[in-house]
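Those protein sequence lines, which keep their order, are chains A and B.
Okay, so the first sequence: first residue is 3 according to the numbering used here, each after it adds one.
Okay, so the second sequence: first residue is -10 according to the numbering used here, each after it adds one.
A few of these clues could be false.
What the hints assert, rightly or not - Quick list of the computed label-pair ranges, beta carbon to beta carbon:
(1) A:Ala95 / B:Pro4: 37 to 45 angstroms
(2) B:Ala52 / A:Ser30: 25 to 33 angstroms
(3) B:Ser35 / A:His55: 48 to 56 angstroms
(4) A:Val77 / B:Thr54: 34 to 42 angstroms
(5) A:Ser30 / B:Arg55: 57 to 65 angstroms
(6) B:Gly53 / A:Arg117: 24 to 32 angstroms
(7) B:Phe48 / A:Gly58: 18 to 26 angstroms
(8) A:Thr16 / B:Asp3: 35 to 43 angstroms
(9) A:Val65 / B:Lys81: 22 to 30 angstroms
Claimed, not checked - From the structure, some residues in chain B lie toward chain A, with a derived Cβ separation under 8 angstroms:
(10) Lys39
(11) Glu43
(12) Phe48
Please keep in mind that the hints were generated in silico from the structure rather than gathered at the bench.
No residue lacks a Cβ here, since even glycine has one placed at the ideal position from N, Cα and C.
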Amino acid sequence: MTPAHGAAVRHSITVDTSQENAFATFTSGHNRWWPRDHHIGGAELEEAVIEGHEGGRWYERDVDGTQCDWGKVLVWDPPSRLVLAWQISGEWAYDADLLTEVEVRFIPEGPERTRVELEHRGLDAYGDGMDQMREQFDSGWPGILQGFAAAAAAT
Amino acid sequence: MDAYQQTALQALGDPTRREIFERLTRSPLAVGQLADELPVSRPAVSQHLKVLKEAGLVFDRPAGTRRVYHVDPQAVAALREYFDAFWGQALKSFQSAAKAHDDHHQKET
């Protein structure tokens, strides 16, 4: 499950709530905290959804009714652990062949205190993709740059 | 915001820097060559290159008396910075949501 290699980012945060509520907020309450400007659909984001079962979809639904996949649920182990596949390419589109993993652990530190550890790993998959793109098209980079620019403009 | 300002995203948010970066993806170039091609002064080009370099998007290598700038072909470091800033922001928002939800529950019960 855990790739032995691969670039990763890690974050940890402590929340003043129970392990159960932290897990529920992260998953069924996903839409309440997801940054609104971080989505890939053409229309405004209506709802960000994590389906609560292994193999469930991780996707966005936009105000015009369209849906865009972001990835899927690889491990569903409430209330302690969640692993999501993040499959959004450097061009900000869903790519079923791209696999990076987001693992979230919910560690109780008290009845109303939970440490949440997040690791987004396998980021070197993007490096492979970029190399391939560069080989296939000289124009591989502008697409990535447009994505970078769009994201930068949105923040 | 300090960490965020240093990200690759932020570096590429500027149109001139994006132009410089795109030119470097085609071939490595020295500061003078970039300044000749762009409607920007040489000191301004140097300043933009400094920002791109700090964001991990380009690196420079001496070639005779000049310094030639290259794009980092992997740019994984840039993506890592992007995701690092992104998840930092997302988790802060999550922290507030978890707390608010809890407060709401306590009021209800």
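Does the CB of Lys39 of chain B sit less than 8 angstroms away from some CB of chain A?
violated, 18 angstroms
Interface hint outcome for Phe48 of chain B [beta carbon to chain A under 8 angstroms]:
violated, 15 angstroms
Regarding Gly53 of chain B and Arg117 of chain A, is the given constraint of 24 to 32 angstroms on their beta-carbon distance met?
violated, 54 angstroms
Between the beta carbons of Phe48 of chain B and Gly58 of chain A, is the distance compatible with 18 to 26 angstroms?
violated, 42 angstroms
Can the suggested window of 35 to 43 angstroms be confirmed for the beta-carbon pair Thr16 of chain A and Asp3 of chain B?
Once the Cβ atoms are compared, 36 angstroms apart, the range 35 to 43 angstroms for Asp3 of chain B and Thr16 of chain A holds.
If you check the beta carbons of Val77 of chain A and Thr54 of chain B, does the distance land in 34 to 42 angstroms?
At roughly 56 angstroms between Cβ atoms, Thr54 of chain B and Val77 of chain A fall outside 34 to 42 angstroms, so the hint is violated.
If you check the beta carbons of Ser30 of chain A and Arg55 of chain B, does the distance land in 57 to 65 angstroms?
holds, 58 angstroms
For the hint 48 to 56 angstroms, verify it against the beta carbon of Ser35 of chain B and that of His55 of chain A.
The hinted range 48 to 56 angstroms holds for Ser35 of chain B and His55 of chain A, with Cβ atoms some 54 angstroms apart.
Does the beta carbon distance between Val65 of chain A and Lys81 of chain B stay inside 22 to 30 angstroms, or does it fall outside?
holds, 25 angstroms
Ala52 of chain B paired with Ser30 of chain A, Cβ distance criterion 25 to 33 angstroms
With Cβ atoms ~57 angstroms apart, the hint is violated.
Could you check the hint for me, namely that Ala95 of chain A and Pro4 of chain B are 37 to 45 angstroms apart, CB to CB?
Cβ of Ala95 of chain A to Cβ of Pro4 of chain B: about 23 angstroms, so the range 37 to 45 angstroms is violated.
Is the interface hint satisfied for Glu43 of chain B? The criterion is a beta-carbon contact with chain A at less than 8 angstroms.
With a closest approach of 15 angstroms, the Glu43 of chain B hint is violated.
Hint compliance for this structure: hints 1, 2, 4, 6, 7, 10, 11 and 12 are not met, and every other hint is.
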